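With the hints as a guide, bring the two chains together.
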Amino acid sequence: GQQLNQSPQSMFIQEGEDVSMNCTSSSIFNTWLWYKQDPGEGPVLLIALYKAGELTSNGRLTAQFGITRKDSFLNISASIPSDVGIYFCAGQAQGGSEKLVFGKGTKLTVNP
Amino acid sequence: DAGVTQSPTHLIKTRGQQVTLRCSPKSGHDTVSWYQQALGQGPQFIFQYYEEEERQRGNFPDRFSGHQFPNYSSELNVNALLLGDSALYLCASSTGFQETQYFGPGTRLLVL
Chain E
1 GQQLNQSPQS
11 MFIQEGEDVS
21 MNCTSSSIFN
31 TWLWYKQDPG
41 EGPVLLIALY
51 KAGELTSNGR
61 LTAQFGITRK
71 DSFLNISASI
81 PSDVGIYFCA
91 GQAQGGSEKL
101 VFGKGTKLTV
111 NP
Chain H
1001 DAGVTQSPTH
1011 LIKTRGQQVT
1021 LRCSPKSGHD
1031 TVSWYQQALG
1041 QGPQFIFQYY
1051 EEEERQRGNF
1061 PDRFSGHQFP
1071 NYSSELNVNA
1081 LLLGDSALYL
1091 CASSTGFQET
1101 QYFGPGTRLL
1111 VL
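Chains E and H, in that order, give the protein sequences.
Using our numbering, the first residue of the first sequence is number 1, and each one after it goes up by one.
Using our numbering, the first residue of the second sequence is number 1001, and each one after it goes up by one.
Next up, chain H with everything else stripped away, as it sits in the complex (with noise of 0.2 angstroms):
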């Protein structure tokens, strides 16, 4: 059974670039969660997605947008990057309200 997924593992972008990241959820797993983790703190939730649709937001620009597809995979994209934007990306999946959330081993970005 494999468990959460994503792509790339290591990206360097410089800044004012676009990125895309990509997430597979767990086995049976209809729920993403992206979150920001950066050097030295925990990690901060961006938004989820349920359905094809985002369900809840954190605290991040528009600048972060989403994507949920039919097979529940998602992608997270960031427009016009900053050196802030430097940080791990989590995903995590679980199962509508009844699950907890299980992590991925992240992406790591590096803006310059």
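Extracted from the complex, chain E is given alone in its bound form (with noise of 0.2 angstroms):
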């Protein structure tokens, strides 16, 4: 099935480091979203992009929507351990209950 391309794999940390983490595709999404998925739950968005060009944060998390509508980069300042999982970047070509398209995932660990 279709998938898109996220970078890093995985990523390994010390807490308090700056964490990017982006998503690439070859078709073009009117809306950007990202996730993050702990062990054995499932995802829990954390920020969702509906404007090309659009920068949201949540928190320490801040977002973008590139302006060409196939990329998005996710950012984490001064990581903490609960920010350990998986984090996804999910793209729909139109918005609301269309269907999700997914990245493969970073896996994000921070060492106290």
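Be a bit skeptical, because a hint or two may be false.
[As the list claims (entries may be wrong)] Selected chain E positions facing chain H (in silico; Cβ < 10 angstroms): (1) Q3; (2) L4; (3) L33; (4) E41; (5) V44; (6) A48; (7) V84; (8) G85; (9) F88; (10) C89; (11) K99; (12) V101; (13) F102.
[Unchecked claim] On the chain H side, residues computed to face chain E include the following (Cβ under 10 angstroms): (14) V1004; (15) Q1044; (16) F1045; (17) Q1056; (18) P1105.
Quick caveat, the hints were computed from the structure, so don't treat them as lab data.
Source: prediction; values computed, not measured.
Note that CB positions come from ideal geometry on N, CA and C, so glycine has one too.
This is how it looks when you write it as structure tokens:
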């Protein structure tokens, strides 16, 4: 099935460091979303982006919707141990209930 | 306000058997989408139900079928199980075309 190209695949960082991950697609998406998944849980929505060029923050998280509508990035500032988990980008050709196309995820490990 | 709930949490089946997974959407949501997440991968869209009808379908064989009930809850049925059907099955709910999808905790299916 279709998947987005998400990188890096995994990251090992020290507590307090900043993190950056990105997602690219060969297709245009009109909505980009970032989810976090903890072991044994479903993905939890972190940030939703609806407009090309949009920059949105949620606490220590900041995400941007690329102006080409084919990419997005997520930054986490001053990482803490509870940031550990798998981060997924997802795109929608339309908004709302349109099917989500996911990346393979970025596994984040934070060393205290 | 209850979120998306799924049952059972875990399930073990043998090849050739049939399985039914259940999902109750978040209160106020009328659209249910199902995703399959293989180990180490991002979720893959299976299909979506709205007004008791399948509205969108991903690239999955006819062995995968579903149903939505008048109370908006939904079932995912998989017939003639294969080893490759072992995965986390996620349900997501939303409201029409207006809202982002919110995920349940998933059902972990193991096919032996």
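**OP:** Classify the hint on F1045 (chain H) as holds or violated, based on whether any CB of chain E lies nearer than 10 angstroms to its CB.
**Re:** Check passed: Cβ of F1045 (chain H) comes within 4 angstroms of chain E, closer than 10 angstroms.
Original post:
Given G85 (chain E) was flagged as interface, is its beta-carbon under 10 angstroms from a beta-carbon of chain H?
Top reply: Constraint on G85 (chain E) not satisfied, violated at 14 angstroms.
Original post:
Does L33 (chain E) pass the interface check with chain H, least Cβ-Cβ distance below 10 angstroms?
Top reply: 6 angstroms, holds
Subject >> Hint check: 10 angstroms Cβ-Cβ cutoff, V44 (chain E) to chain H >> reply: Result: holds, 7 angstroms to nearest chain H Cβ.
Subject >> Restraint check, 10 angstroms cut-off on beta carbons, for V1004 (chain H) near chain E >> reply: Status holds, d = 7 angstroms.
**OP:** Please verify that hint: F88 (chain E), Cβ, nearest Cβ of chain H, below 10 angstroms or not.
**Re:** It holds, given that the least Cβ distance between F88 (chain E) and chain H is near 5 angstroms, below 10 angstroms.
Subject >> Satisfaction of the C89 (chain E) interface hint, Cβ to chain H closer than 10 angstroms >> reply: 9 angstroms, holds
Original post:
Measuring from the C-beta of V84 (chain E) to each C-beta in chain H, is the shortest one below 10 angstroms?
Top reply: 17 angstroms, violated
**OP:** Double-check Q3 (chain E) for me: the hint is only fine if its C-beta lies closer than 10 angstroms to a C-beta in chain H.
**Re:** Constraint on Q3 (chain E) satisfied, holds at 6 angstroms.
**OP:** For the hint on A48 (chain E), just tell me whether its beta-carbon gets within less than 10 angstroms of chain H.
**Re:** 5 angstroms, holds
Original post:
Under the criterion of a CB-CB separation shorter than 10 angstroms, is V101 (chain E) in contact with chain H as hinted?
Top reply: 7 angstroms, holds
Original post:
With a cut-off of 10 angstroms, does the beta carbon of P1105 (chain H) approach a beta carbon of chain E closely enough for the hint to hold?
Top reply: 5 angstroms, holds
The structure fails to meet hints 7, 8 from the earlier list, while all remaining hints are met.
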